[in-house]
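Chains as they are written, first to last, in my numbering: chain A, 174 to 807; chain B, 9 to 115; chain C, 43 to 220.
Bear in mind the hints are in silico, worked out from the structure with no lab data behind them. Accuracy of the hints is not assured; some may be wrong.
Stated by the list, open to error - Under the rule of at most 25 Å between Cα atoms (straight-line distance), these lysine-lysine pairs were calculated in the DSS-like manner:
#1 B:Lys109 to A:Lys785
#2 B:Lys102 to A:Lys785
#3 A:Lys354 to A:Lys344
#4 A:Lys753 to A:Lys354
Stated by the list, open to error - Short, incomplete list of chain A residues facing chain C, as computed with Cβ under 10 Å:
#5 Ala791
#6 Ala794
#7 Ile795
#8 Gly797
#9 Ala798
#10 Leu801
#11 Gly802
#12 Ala804
#13 Val805
Glycine included, every Cβ here is placed at the ideal spot set by N, Cα and C.
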Amino acid sequence: MADLLWLIPALPLAGFLALLLFGRRLAGRVPALVGCLSVGLSMAASFAAAAAFLGVAPPGRAVRKTICLWFEAGGLAPSFGFYLDGISILMVVVITVVAFLIHVYSADFMAADSSLPLTGDGEGYSRFFAYMNLFVGSMLVLVLADNLLLLYLGWEGVGLCSYLLIGFWYKDPANGRAAVKAFVVTRVGDASLAVGLFIIAWGLGTFDIQEAAARAARLWPEGSAIAIAAAALLLGGAVGKSAQLPLQTWLPDAMAGPTPVSALIHAATMVTAGVYLVGRTHALFALAPPVLTVVAAVGAATFLIAGASALVQRDIKRILAYSTMSQVGYMFCALGVGAWSAAFFHFMTHAFFKALLFMSAGVVIKALDNEHDIFKMGGLRTRLPSAYRGFLVGAASLAALPYLTAGFYSKEMILDALLTSPAGSPWLWAAGLLGAFLTALYAFRAVFVVFFGEGRGGALRQPSPLMGAPLFILSIFAIATGWLLPNGLAGPFLAGLFGALPAGAQGAGTTGPLAALAPPVVAIAGVVLAGLFYLALPRTRRALTGSAAGAAVHRFLFTGWGFDGLYASLFVTPFVRLAKVNRSDIIDAPYRAIGLIAEFSSRGLSLTQSGKVRWYAAAVAIGGAVFLGLAVLL
Amino acid sequence: MTGGGLLHVPFEHAMMFAGVLLLLGLAGVIARRDAIFILLSLEVMLNAAGLAFVLAAARFAAPDGQVMFLFVLAVAAAEVSIGLALVLWLYHYKRTIDIDKARDMRG
Amino acid sequence: MGNYAFYIPAAVAIAATFMVVTSRSAIHALLYLVVSLLAAAVVLLVFGAPFAAAMEVIIYAGAIMVLFVFVIMILGRGPHVRRPGPPPAAWIGPGILTAILAAELGWLEAGGGAVVGSAQVSPAAVGASLMGPYLLGVELASVLLLAGLVGAFHLGYRLGAKGTPGATDKAQKDGGGP
Chain A
174 MADLLWLIPA
184 LPLAGFLALL
194 LFGRRLAGRV
204 PALVGCLSVG
214 LSMAASFAAA
224 AAFLGVAPPG
234 RAVRKTICLW
244 FEAGGLAPSF
254 GFYLDGISIL
264 MVVVITVVAF
274 LIHVYSADFM
284 AADSSLPLTG
294 DGEGYSRFFA
304 YMNLFVGSML
314 VLVLADNLLL
324 LYLGWEGVGL
334 CSYLLIGFWY
344 KDPANGRAAV
354 KAFVVTRVGD
364 ASLAVGLFII
374 AWGLGTFDIQ
384 EAAARAARLW
394 PEGSAIAIAA
404 AALLLGGAVG
414 KSAQLPLQTW
424 LPDAMAGPTP
434 VSALIHAATM
444 VTAGVYLVGR
454 THALFALAPP
464 VLTVVAAVGA
474 ATFLIAGASA
484 LVQRDIKRIL
494 AYSTMSQVGY
504 MFCALGVGAW
514 SAAFFHFMTH
524 AFFKALLFMS
534 AGVVIKALDN
544 EHDIFKMGGL
554 RTRLPSAYRG
564 FLVGAASLAA
574 LPYLTAGFYS
584 KEMILDALLT
594 SPAGSPWLWA
604 AGLLGAFLTA
614 LYAFRAVFVV
624 FFGEGRGGAL
634 RQPSPLMGAP
644 LFILSIFAIA
654 TGWLLPNGLA
664 GPFLAGLFGA
674 LPAGAQGAGT
684 TGPLAALAPP
694 VVAIAGVVLA
704 GLFYLALPRT
714 RRALTGSAAG
724 AAVHRFLFTG
734 WGFDGLYASL
744 FVTPFVRLAK
754 VNRSDIIDAP
764 YRAIGLIAEF
774 SSRGLSLTQS
784 GKVRWYAAAV
794 AIGGAVFLGL
804 AVLL
Chain B
9 MTGGGLLHVP
19 FEHAMMFAGV
29 LLLLGLAGVI
39 ARRDAIFILL
49 SLEVMLNAAG
59 LAFVLAAARF
69 AAPDGQVMFL
79 FVLAVAAAEV
89 SIGLALVLWL
99 YHYKRTIDID
109 KARDMRG
Chain C
43 MGNYAFYIPA
53 AVAIAATFMV
63 VTSRSAIHAL
73 LYLVVSLLAA
83 AVVLLVFGAP
93 FAAAMEVIIY
103 AGAIMVLFVF
113 VIMILGRGPH
123 VRRPGPPPAA
133 WIGPGILTAI
143 LAAELGWLEA
153 GGGAVVGSAQ
163 VSPAAVGASL
173 MGPYLLGVEL
183 ASVLLLAGLV
193 GAFHLGYRLG
203 AKGTPGATDK
213 AQKDGGGP
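Pulled out of the complex, with its shape left as it was, chain A reads as follows:
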């Protein structure tokens, strides 16, 4: 099994190469076939690996496979190697399953006969699948890497693909700007990550993750400055990629990309790369408790801010974007209090229901001829039943409707940990409950506004089976995977999966009845309030938002708590002003001066070429006199 590990990332990358080289020549749907096939085979390989892994517990609960040495310099010798343990198995399976379903969905979604603007004559079809395959390949490299440098390679790869895919419809400059914004903001995080990598390599002398963990435990005392620095810098990178505070501003704008892109990259996989990073290097974070506190704080702040912002958005994809931000915040918070398993369990359920939500929204958008504003939709319950069902299941799971949905179990696990873990606190738990309430509220706000109420117009084109089947499958996952809890149906299965993580605060649920009841109550309360505001009492809602205070709050939340404006005035405006001041490029002046000096001296020296032979002879004689003079004097 270890020998075949390389197939998992290699298959999508091979698909990328094939599409890169031959994509233009493939007719019709063949590029989609290539794309789906490569990811599908990778998915099969990951299933095989998971089965083998769970069947025979390998020593140390992990499998390593080194392909070859990358380079060797200065004592560091990173290799192209893969490391398979509980976390990576989980991530690989989830990534490949979700990616495969989204690829199948995109085969019809991105087709040239759709109403969505492709770039010209449909040439974007193969380009889309090429980029998507590259993305999946990079993400798998990231997740399977056994050393930080290879991880960083995958990290950068997914960042590149994010840029390429956000700006997929490049003819509209606004998309390009959104792509650049995403890239630049995550770049800040990447820089932080790189410096963190340097510190680890310099301080511990290795990039290998397990080796670094062992050495760090030996060499770096808990709470030491270097451990805190390294962990904080790694956190900086995670925060950027996962769109958490303070680097979260790019995610809402990233919705400019096609809906499958939003589903895959900005919901299920890339934004969870930060969660994976923190989880993978948890040994390092364990040595820096202050940083873990920051992780929890960042997560909590993000899920509250994002949840509030999602409440007032009009664009259906922006609602889902803020929702993603919020849910990833939950994962970070769980990591911060040491509930590793809870965080990754939530990652799994979130991947399923968020992809489901995005794909359902995609069906709506496509059917309504690229309409994104939820207040221009309505009554789609009867007109797009498959989308309604998918979105409803997804929203239910997102809102953590009790006992029925997977989202409930994972969120409950996190909330338990926030309360019971040694690093948790009742305040965090209360914040988590508030966040859950907001989540339910905005999720069902979307459901009610889009699918209920009065519809307009006649019958709409229904989604094709290629788009409908993934919705159906994901709906099942969004419900059923909740029962994979340790004390649920698949106890030993999960134990095998999460055995790699430290004991942390795996939800044992030994809390009082209040704590057990609170999450379901809160979720249902959110749904009810959403129903009240948007279905039953619209006038009350309009009165609230129409008042002066209400409108101000509304505006504030709409802009995502004003972070864009804050960053614009803090960073962008001074920088632009500085660039204007430096329009003539002051730093270039010495280089231009070199040219000017050369020109000047050339002109001066050319005066000596008078053309007079006697001058030349005299010059020779003077030179001779000078040198003989030197011989005399020295």
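Knowing the structure of chain A, use the given hints to seat chains B and C on it.
Using the frame of chain A, we list chains B and C on its own:
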């Protein structure tokens, strides 16, 4: 000429003799304007150089100096023939042999 | 007698060379140069280099100077050739330069008690040296002379063909050389 121990000239004097001839030729090259005079002065310089070779070798009674002198002579001969042909060409083009008028390659 | 055998011809040579450089007429300068060369030949003879002295007279004074005579004759006509020499002021620069160089040379030469005698180096010894260690140089010199021959011929041929004043004969190469 009878040789023998009758002659004991300090070496510096011999070298200075050649040196003075050389410098006179150099002054002539720099100061005169006619191409013919410049070539004549060049010949003076070449002659002086050859003399220096022979006189230096004579200090050790070695034939090498005279050999070098022969080579210098060959060089002077070749140079003079070409140089004079060029002077004739200069006259043909510029109607003068004033070397200061031949400065087309300035700048 | 002794050292005067050297100093007198040396003085003559220097004086003649001085006249070469400062004379106004080309022919006068040429004749002074011949004198200088002959004096130099005497010096060479005094120092026991008869072969070099002979070569000096035959080749230098005999062929090269004749070449100069021919060219001066070709260019002889016309007032533009017979012009007054450089004004005395023109000698200031070269004079200073020469003085500096002479002083430096003198400084460098000073010291050492080396003495040059008049030991004879026979032509036979020179010949043996030429045919021995310096054989390559001889060949190269002949190639050089060939180059001079071809060059002079080429230049003179075109000159003759264009019918320049007085260029009735091709410029001839000197006949000397080993």
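Hint by hint, here is what the structure shows:
1. Distance hint between Lys109 (chain B) and Lys785 (chain A) is fulfilled; the C-alpha atoms sit about 8 Å from each other, no more than 25 Å.
2. Our distance criterion of 25 Å between C-alpha atoms is met by Lys102 (chain B) and Lys785 (chain A), whose separation comes to about 15 Å.
3. Under the criterion of a C-alpha separation no larger than 25 Å, the hint pairing Lys354 (chain A) with Lys344 (chain A) is consistent with the structure, at around 17 Å.
4. Under the criterion of a C-alpha separation no larger than 25 Å, the hint pairing Lys753 (chain A) with Lys354 (chain A) is consistent with the structure, at around 20 Å.
5. With a cut of 10 Å, the hint placing Ala791 (chain A) at the interface with chain C holds, because the nearest CB-to-CB distance is about 7 Å.
6. Because the smallest distance between the Cβ of Ala794 (chain A) and any Cβ of chain C comes to about 5 Å, under 10 Å, the interface hint for this residue holds.
7. Evaluation of the Ile795 (chain A) hint against chain C yields a held restraint, the C-beta minimum of about 7 Å falling below 10 Å.
8. Here the hint on Gly797 (chain A) is kept, as its CB sits about 7 Å from the closest CB of chain C, short of 10 Å.
9. With its C-beta approaching chain C no nearer than about 5 Å, Ala798 (chain A) sits inside the 10 Å limit, and its interface hint holds.
10. Contact between Leu801 (chain A) and chain C, as hinted, is supported at the beta carbon level, the nearest pair being about 4 Å apart and thus within 10 Å.
11. Among the interface hints, the one on Gly802 (chain A) holds; its C-beta lies about 6 Å from the nearest C-beta in chain C, closer than the 10 Å criterion.
12. Proximity of Ala804 (chain A) to chain C holds as hinted, the smallest CB-CB distance being about 7 Å (cut-off 10 Å).
13. For Val805 (chain A), the interface hint holds, the least distance from its beta-carbon to any beta-carbon of chain C being 5 Å, beneath 10 Å.
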